[in-house]
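Protein chains in written order, with my numbering: chain F, 333 to 964; chain P, 1055 to 1433.
Just so you know, these hints were derived from the structure itself, not from any lab. None of these values were measured; they are calculated from a predicted model. Careful: at least some of the hints might be erroneous.
As the list claims (entries may be wrong) - Take a look, some chain F residues computed to stay more than 10 Å from chain P by CB distance:
no., residue
1, Glu345
2, Phe349
3, Leu364
4, Arg370
5, Gln375
6, Arg460
7, Gln481
8, Leu685
9, Gly693
Said to hold, decoys possible - List of simulated lysine to aspartate or glutamate pairs, DMTMM-like, C-alpha gap at most 20 Å:
no., chain 1, residue 1, chain 2, residue 2
10, F, Lys407, F, Asp500
11, P, Lys1429, F, Asp341
12, F, Lys491, F, Glu384
13, F, Lys467, F, Asp447
14, P, Lys1429, F, Asp447
15, F, Lys502, F, Glu645
16, F, Lys452, F, Asp432
17, F, Lys385, P, Asp1196
18, P, Lys1429, P, Asp1270
To be verified - So the derived list for chain P, only partly shown, Cβ under 10 Å to chain F, looks like this:
no., residue
19, Leu1249
20, Gly1252
21, Met1253
22, Leu1256
23, Ala1257
24, Gln1315
25, Gly1334
26, Leu1339
27, Val1342
28, Val1361
29, Ser1376
30, Val1383
Using N, Cα and C, we set each Cβ at its ideal position, and we do this for glycine too.
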Amino acid sequence: MALLSPIKDHHSERRLFVRRVIASAVVAILLLGVVIARLVQLQIVHHELFAEKAQGNRVRIEPVAPIRGLIFDRKGRVIAENLPAYQLELVPEQVSDIDDTLNRLADLDLIAREDIPRFKELSRSGPRFRPVTLKVRLTEEEIANFAIQRPRFPGVDFKPRLVRHYPDGKAVAHAVGYVGALNSDDLLRLDPARYAGTSHTGKTGIESSYESDLHGAAGYRHLITNARGRQIPFDSAKLLDSLPMDEKPAPGSNVYLSIDLDLQLLATRLMENRRGAVVALDPRNGEILALVSAPSFDPNLFAVGMSTAQYAELEGSPDVPLFNRAVRGRYPPGSTIKPMLALAALETGATNLTRKTFCIGYFMLPNSTHRYRDWKPEGHGPVDLHDAIEQSCDVYFYEISQEIGIDSMHDYLVRFGLGNQTGIDIGGEQAGVVPSREWKRDNFRNRDDQRWYHGETVIASIGQGFMLATPLQLAAAAGALATRGEHFRPHLVAAVEDALSGERTLVTPEQLASVEISSSFYWDNIISAMHDVMQGPRGTARAVGFNAPYTMAGKSGTAQVVSIAQDEEYDEEEIEERQRDHALFISFAPLDEPRIAVAVIVENGRSGSTVAAPVAKAIMDQYLGYGDNVVR
Amino acid sequence: MSFADSKGLLAAKPAPLSRFAGLMRRMHIDGPLLGGLILISCFGLFILYSAVGESNRLLMNQAVRLGLAFVAMLVAAQLPPDFLRRWTPWGYLAGLVLLALVLVAGDVGQGARRWLDLGIRFQPSEAMKLGVPMMAAWYLHDRQLPPRFGQLLTIALMIAVPTVLIARQPDLGTALLIAASGVIVVILAGMSFRLIVGMGLLAVPGALALWSIMKDYQKQRVLTLLDPDSDPLGAGYNIIQSKIAIGSGGLFGKGWTNGSQAHLEFLPERDTDFIFAVLGEEFGLLGVLTLLVLYMFVIGRGLYIAVQAQDAYSRLLAGSISLTFLVYVFVNTAMVTGLIPVVGVPLPLVSFGGTSMVTLMAGFGILMSIHSHRKLLPH
C-alpha cells in the first residue's frame, strides 16, 4: 500500500499541518470570542434586565387575610369572636405511603373511611408540598389522641387557624347571622383584592350587612419560592437581600350592637320548645334590644363547616330553624292593631270616646245574615272605645270599621310602619300586607277578586284576612304608640369601632315621619286603655300585668290560622297543634317615659294574653331592672 | 518544557531540579497539560458542589469519577503512538460491531438506546469519539498529503458509518461531535479550502436533509432557539432560565452557592448540561472568563503538542483531539448562552457524569503519549 503512494514530503506536509493548526487556532479564538461577546452582552449590557427577571422568578406575593372585626352587645360583651382551632393536615410529599397513612388515621376515627378516596385524589392533584386538609376542627380529645400517635404519622400534623366563634350562638343566630366559606357567587360579588387570602365571608344578619366593616383589607407578604412555587424557609437568608416591604393587613372594624345579650338569652330561654319570635326595641331611638326567632340553630356550624347530613337536618326540619321569623315571618296581626285603628277612628270621626255599642257576641252587615263572631261568644254587653280595647271587643271594631273604611284603615296602619319594610340593618326583611282597595286591584288577576267587599273590611278591623305583619313591624308599631307617634327606624348596630385607633363611630338614630294625631287627648285615652289591658280591672292580660312594679301598656292578639265555618263549634283540643291560633302580644313600659317596646309571637300558642304576654312581661322586667331571672 | 526536555535528554545526568520532572517523564506525563486539566477539574468540582445543592455525597461521587478519568489518562499515556496506530483499524472495527450491537440489544434509557451491557455497562459511542479520528489519521498517515478526492470519499465513509449508527440510537449530539472529530482530521491533513467551502455550501441541502430526518423534539429545539419566548414554559424554558441565570450574575456574580436561579430550581439540568449557567450566575463574567482561559490554555498546549509531533498519525490525532475539545467547549457554552440549539453536550470536566469524562481524559493521555514518546531528530 505504502509502496503505491508517491514519496512523502515530510517537510511540506509538516508546513501544511502547521498552517492548518494556525488557521484552526484563529477559528478557535473567533468562536470563543463569539461566546465571550455573548457573555458580555448578557452579563454586562443586559445585566439589569436579567437581574430583575431573576428577582421576579423567586419572589412571590402571598396575601395575608385580615382579622375579622369582633361583634359586641350594647354592654361590650362578646357576641362574635375569632378563636384558634386546630385542623388536621397532610403534606403529600412527606408521606411515603398515603394509603396506609389514611387507613391508620381512619382506624383512629380521625377521618371517615368513605372519605379516603377523596383525600387520595386531593393529595395527588395539587403540588406535593401543598397540605391537604383532612379535618377542619379537632376536638381537644382528638388533639390529645393524635399528639401521642404523631411519631407514627410523618407528614400529618395539626395546624392552627382562626375560626369565627359565637359563644352564645343559638341565642344570637338570627340577629348576628353567621360567616360561611366563600363560594363562587361570593367571589363574583366581592372585590378580589380585598378578599385575597380570605376563606370566609358573612352570609346573613349583621355578619353580612356589615361585611365591609368587619372584613378589613388583605395585606401582602413576600415569599421566596422555588421554581415549583414551594416556599423557601427564611433561614436561607442569603437569598433575601432585597425583598420588598410587606404590607400588613388592615384588621376589620369591631361592631357594637344595641342588643342586650341578657335580654337575648332570656328571650331565647322563654321561647324554648316554641316556634315564634320576640323583638324588643327602644322606642326613643329604634335600637333593637332583643331579636329572637325560635327555634334557632348554632351558627358555629356554618363557621366551622358541617357535614351534609347536619345541613340536611337543619334545612329539612319542619320547624324551619334557619328561617328568621322576627323579620321574615308574616303573621295576621290580630287584635294587636286595635289601638292603632282606634286612633284612626277617632281622627277620622268614625267614632268618639263616649259612643257605646252593645256587644251581643256577633256582628252582621246590613242585608246579610253572615255572623262575624266575637272571641267571647256571649258578648261583652255595652262597651265604649276604651272598653273595646281593654277587653278586646271585636264587635265594636266590626261596627266602626264600616265607618272608617278600608282605605283610611290602610293609611293609618301604614303610618305606624305596617305594610312596608322597616329598613332594619339586616337583610331579608318582609314587608307584610296592609290591604286596601288599590292593593287588591294590584294583587289579583280575576275581576271579581279585585273588588273590595265590605266583609273584608270587617275582618281587617281585627287584623285578620289579608293583613300580615312581621314581629319586627309590630314591635316598631308598639314603639310608635309608646312615643305617641314618634317613629324611628329599627336598627341593630349602635357603633362601629376602628380596631387600630379604637375610634368609635356612633350610628345616628333615623327619625321617620311621625304619626300625626290632632289631639293628645286621643293618645292619652288609647294608651290608658292599653294600660288597662295590663293593669285595669277587666284587662285581658291583667293576670300578667297587675302586680308589676312599674306601669305598662299592652295589647294581646290571637290570630286564626284556619278559618272556622259558620256555627261550627270551636274545639281546640281537636285541632291539630299546628292549626291552633297564633298568640300575639305587643307592649311597652313604663307609661310616662317608655324605654322598651316588645312584640311577641308564639306560633299556635292559642292565647296572646296568657301565652305571649308573660314573655313580653319577663323581658320588660329584666330590662327595667326588676328581673329575678338568673340568665346565665 | 520542550527545551528542558531536550536538555534533560541530551544531558548525561539529570538536571538538579528534576527528580520530580524525571518522575513525570518516566510516567510520560506532560506537566503543563496536567496542570491545566487539574485546575479545570478543581474549579469544576467547586462549581459542581454548588450546582448539586451542596451535597457532599454527589461531590465525592464526582471526585471519584475524576480520579478514574485521570487513571485512564495515565494508562493512555503509557501506550506508544506506534502501538496505537497498529491497533487502530482493529479497534475501529470492534467499535462498529459494538455500535451495531447497541442498536440490536442495547439498554433503553430516556427514550434512547445507548448502553450496552457486556458484564459492564458502557456506551460504545464514547469509544468511537477516539476511534473515528484515530481511524482517519491511520488512513492518512502514510499517504501523500494533502489527500486526494477519492481518499476523502473513503474517509467520509469511515466517518459516516459510525455517525449514522449513533444518530440512530438516537444521539444526534454525540453523532455530530464524532463526525466533527473526523472532519477535523481531514482539514488538518490539508484538504483544500475550495473543497471545504464547497462542503460548506453542500451543508445547506445537507441541513435540509437533516431536518427531514430529525425527530420532533430535535426540531423543537431548533425552533425554540430561534424564538425561545414562543414557548416559555415548554421547550424555551431551559434557554430563558439559563440566560436569566447568566445575565443576573453580572460582572462579579452573586457569590458561591448564592445563585437564586440555581438554588431555587429555576435552572433545569443545572448540574449537567447547564452547569455553565451556574458558573455565570455565581461567579459572574470574571469566573466565566477564568474557566475559558483555562480551556484555551489546554487547547493551546494540545495544538503545540500536535505541531511538535513527529509523524502524520500523531500530529493529526493530537490536532483532532485538541480541536474536538474546543468543539465541546464551544457547543456547550454557545448552547447555554442561547447561541445554538440545545444539544446534549456536557461542559467538559465540569458537568456531572462520568463516561464522557473518561474518554476525554484518555484523549489527553494520548496527547501526553504522543509528546513523551518523541524520538530525537536532528532539528
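Tested hints:
The claim that Glu345 of chain F is not at the interface with chain P is violated, since a C-beta of that chain comes within 10 Å of its own (minimum 5 Å). For Phe349 of chain F, the requirement that its beta carbon stay farther than 10 Å from each beta carbon of chain P is not met, with the minimum near 6 Å. Its beta-carbon lying about 6 Å from the closest one in chain P, Leu364 of chain F breaks the requirement of being farther than 10 Å from that chain. Not every Cβ of chain P is farther than 10 Å from the Cβ of Arg370 of chain F; the closest lies at roughly 5 Å, contradicting the non-interface assignment.
Taking the minimum C-beta to C-beta distance to chain P, about 4 Å, the non-interface status of Gln375 of chain F is violated against the 10 Å cut. Every C-beta of chain P lies more than 10 Å from that of Arg460 of chain F, the closest at about 14 Å, which supports listing it as non-interface. At roughly 33 Å from the closest C-beta of chain P, the C-beta of Gln481 of chain F stays outside 10 Å, upholding its exclusion from the interface. A cut-off of 10 Å between C-beta atoms confirms that Leu685 of chain F is not in contact with chain P; the least separation is 88 Å.
The claim that Gly693 of chain F lies off the interface holds: its Cβ sits roughly 88 Å from the closest Cβ of chain P, which is beyond the 10 Å cut-off. Under the criterion of a C-alpha separation no larger than 20 Å, the hint pairing Lys407 of chain F with Asp500 of chain F is consistent with the structure, at around 15 Å. A threshold of 20 Å between alpha carbons decides the hint, and for Lys1429 of chain P with Asp341 of chain F the separation of about 19 Å falls inside it, so the pair holds. Among the hinted pairs, Lys491 of chain F with Glu384 of chain F is inconsistent with the structure: their alpha-carbon atoms are about 35 Å apart, more than 20 Å.
At roughly 11 Å between alpha-carbon atoms, Lys467 of chain F and Asp447 of chain F fall within 20 Å of each other, so this suggested pair holds. As the CA atoms of Lys1429 of chain P and Asp447 of chain F are separated by approximately 83 Å, the hinted pair breaks the 20 Å bound. For the hint linking Lys502 of chain F to Glu645 of chain F, the alpha-carbon distance of about 16 Å falls within 20 Å, and the restraint holds. This hinted pair checks out: Lys452 of chain F and Asp432 of chain F have alpha carbons roughly 11 Å apart, not beyond 20 Å.
Among the hinted pairs, Lys385 of chain F with Asp1196 of chain P is inconsistent with the structure: their alpha-carbon atoms are about 58 Å apart, more than 20 Å. Among the hinted pairs, Lys1429 of chain P with Asp1270 of chain P is inconsistent with the structure: their alpha-carbon atoms are about 53 Å apart, more than 20 Å. A distance limit of 10 Å between C-beta atoms decides the matter here; for Leu1249 of chain P the minimum to chain F is near 13 Å, and the interface restraint is violated. The restraint placing Gly1252 of chain P at the interface with chain F is violated, with a minimum CB-CB distance near 17 Å, outside the 10 Å limit.
Interface hint at Met1253 of chain P: violated, since its Cβ lies 15 Å from the closest Cβ of chain F, which is beyond the 10 Å cut-off. A distance limit of 10 Å between C-beta atoms decides the matter here; for Leu1256 of chain P the minimum to chain F is near 19 Å, and the interface restraint is violated. Restraint check, Ala1257 of chain P versus chain F: the minimum CB separation of about 16 Å is more than 10 Å; hint violated. The restraint placing Gln1315 of chain P at the interface with chain F holds, with a minimum CB-CB distance near 6 Å, inside the 10 Å limit.
The restraint placing Gly1334 of chain P at the interface with chain F holds, with a minimum CB-CB distance near 7 Å, inside the 10 Å limit. Interface restraint check for Leu1339 of chain P: the shortest CB-CB distance to chain F comes to about 4 Å, inside 10 Å, so the restraint holds. A cut of 10 Å between beta carbons decides the hint on Val1342 of chain P: the least distance to chain F is about 6 Å, and the hint holds. With a least beta-carbon distance of about 6 Å to chain F, the hint placing Val1361 of chain P at the interface is held under the 10 Å criterion.
At its closest, the beta carbon of Ser1376 of chain P sits 9 Å from a beta carbon of chain F; the interface hint therefore holds under the 10 Å criterion. A least Cβ separation of about 8 Å between Val1383 of chain P and chain F falls short of the 10 Å threshold, and the interface hint therefore holds.
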